[in-house]
Amino acid sequence: MNQPNTYLDNQLKDKLKGLRTYESETYAKWGNRKRIFMMVGVDFEIKFCRAEMILKQSLRSESIKRKIAKIEMMDRAFQQLNIKLESSGYHQIQPNARCFRFDNKNILVCDTDEEKPLLVKIHKQEKDIAIFSIEELLRCIPKDFMDAKHLLSKLSKEVNFEKITYEQR
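Just so you know, my numbering puts 56 at position 47 of the sequence shown, and the rest follows in order with no gaps.
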C-alpha cells in the first residue's frame, strides 16, 4: 500500500522540480557544460561538480530534510554559476540558436543564413566555437541522401540515419 504524500514529500518534489527548471534554463542560456566550464574556469568547475556529486549522493540515501537542504545548496551553486557566467565577458546563447557538442567541438546552430552574421559578431572572441545555420547544414546534405530520406519518410516518419560514409572509387 502506498503511503500518502507528506508535506515534506511535496516540498521535496517542488524544490527538485524548481532546481531542474533552473538548470535547464541555465543550459539553454549559456550552452553545454563544456562551453560553460570553459567560461568559468577549472576552480569553479571543480566546486560546482562537487556540489552536484553531493546532491546525487543525498538524493539516493539521505532523509527528506537533508535532501531539501542539498537541493537548496545546488540552487545556490546554479545562482553563483549564472553570476560567474554573466561576469565572464562571454555572451548568452541567442534564443534562435542552440549549442551542441559534436566531435569534441562546440557548435552554435541558428535557423537561417540571415541570423548567422549576428551570431558571428556576438561570439567572435570565442576561438573554439563553430557557427552554422540549419540552411547551411541542409545544403551540405547530398541529393541522393535527401531523396532516400524523403522516400523512407513516406513509409515511416521514425526513420533515422546514424552516419554517412563515402568511399573513394
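Source of the hints: derived by calculation from the structure; they are not laboratory data. Careful, some of the hints might be misleading.
Pairs of lysine to any residue, SDA-like flavour, derived with a Cα cap of 25 Å [claimed, not checked]:
{"id": "1", "residue 1": "K136", "residue 2": "K152"}
{"id": "2", "residue 1": "K76", "residue 2": "K172"}
{"id": "3", "residue 1": "K125", "residue 2": "Q103"}
{"id": "4", "residue 1": "K136", "residue 2": "R110"}
{"id": "5", "residue 1": "K125", "residue 2": "E95"}
{"id": "6", "residue 1": "K56", "residue 2": "R110"}
{"id": "7", "residue 1": "K79", "residue 2": "L28"}
{"id": "8", "residue 1": "K136", "residue 2": "C108"}
{"id": "9", "residue 1": "K43", "residue 2": "L64"}
{"id": "10", "residue 1": "K65", "residue 2": "G50"}
{"id": "11", "residue 1": "K24", "residue 2": "N105"}
{"id": "12", "residue 1": "K136", "residue 2": "E123"}
{"id": "13", "residue 1": "K158", "residue 2": "K172"}
{"id": "14", "residue 1": "K79", "residue 2": "F46"}
{"id": "15", "residue 1": "K79", "residue 2": "Q89"}
{"id": "16", "residue 1": "K79", "residue 2": "F109"}
{"id": "17", "residue 1": "K133", "residue 2": "N113"}
{"id": "18", "residue 1": "K152", "residue 2": "K130"}
{"id": "19", "residue 1": "K24", "residue 2": "F87"}
{"id": "20", "residue 1": "K56", "residue 2": "K76"}
{"id": "21", "residue 1": "K43", "residue 2": "H132"}
{"id": "22", "residue 1": "K166", "residue 2": "E144"}
{"id": "23", "residue 1": "K136", "residue 2": "F109"}
{"id": "24", "residue 1": "K114", "residue 2": "S33"}
{"id": "25", "residue 1": "K24", "residue 2": "Y36"}
{"id": "26", "residue 1": "K125", "residue 2": "A157"}
{"id": "27", "residue 1": "K93", "residue 2": "D120"}
{"id": "28", "residue 1": "K130", "residue 2": "Y36"}
{"id": "29", "residue 1": "K136", "residue 2": "M47"}
{"id": "30", "residue 1": "K24", "residue 2": "F53"}
{"id": "31", "residue 1": "K65", "residue 2": "M82"}
{"id": "32", "residue 1": "K76", "residue 2": "T35"}
{"id": "33", "residue 1": "K125", "residue 2": "C58"}
{"id": "34", "residue 1": "K22", "residue 2": "C58"}
{"id": "35", "residue 1": "K93", "residue 2": "K136"}
{"id": "36", "residue 1": "K26", "residue 2": "I92"}
{"id": "37", "residue 1": "K93", "residue 2": "K74"}
Computed from a predicted structure; not experimentally measured.
These are the hints, each one checked on the structure:
1. K136 <-> K152: violated, 32 Å
2. K76 <-> K172: violated, 42 Å
3. K125 <-> Q103: holds, 11 Å
4. K136 <-> R110: holds, 15 Å
5. K125 <-> E95: This hinted pair holds, its Cα atoms lying about 23 Å apart.
6. K56 <-> R110: Judged against 25 Å, a Cα distance of about 23 Å means the pair holds.
7. K79 <-> L28: holds, 11 Å
8. K136 <-> C108: Status holds; Cα separation ~15 Å.
9. K43 <-> L64: holds, 20 Å
10. K65 <-> G50: holds, 23 Å
11. K24 <-> N105: Violated - the C-alpha atoms of N105 and K24 are around 29 Å apart, more than 25 Å.
12. K136 <-> E123: holds, 22 Å
13. K158 <-> K172: Cα-Cα ~13 Å, so holds.
14. K79 <-> F46: holds, 22 Å
15. K79 <-> Q89: holds, 15 Å
16. K79 <-> F109: violated, 29 Å
17. K133 <-> N113: With Cα atoms ~20 Å apart, K133 and N113 stay inside 25 Å; holds.
18. K152 <-> K130: violated, 32 Å
19. K24 <-> F87: Cα-Cα ~14 Å, so holds.
20. K56 <-> K76: holds, 19 Å
21. K43 <-> H132: OK: K43 and H132 at ~16 Å, within 25 Å.
22. K166 <-> E144: Holds, at about 21 Å.
23. K136 <-> F109: holds, 15 Å
24. K114 <-> S33: holds, 21 Å
25. K24 <-> Y36: holds, 18 Å
26. K125 <-> A157: Judged against 25 Å, a Cα distance of about 29 Å means the pair is violated.
27. K93 <-> D120: violated, 29 Å
28. K130 <-> Y36: holds, 21 Å
29. K136 <-> M47: Distance of about 11 Å is within 25 Å: holds.
30. K24 <-> F53: holds, 24 Å
31. K65 <-> M82: holds, 12 Å
32. K76 <-> T35: holds, 22 Å
33. K125 <-> C58: Not satisfied, since the Cα-Cα distance of roughly 33 Å exceeds 25 Å.
34. K22 <-> C58: Answer holds: K22 to C58 is near 22 Å, not above 25 Å.
35. K93 <-> K136: Between K93 and K136 the Cα gap is close to 20 Å, so the pair holds against 25 Å.
36. K26 <-> I92: Since the Cα atoms of K26 and I92 sit roughly 21 Å apart, the hinted pair holds (cutoff 25 Å).
37. K93 <-> K74: It is violated: about 29 Å lies between the C-alpha atoms, which goes past 25 Å.
Of the numbered hints given earlier, the model fails hints 1, 2, 11, 16, 18, 26, 27, 33, 37; all others are met.
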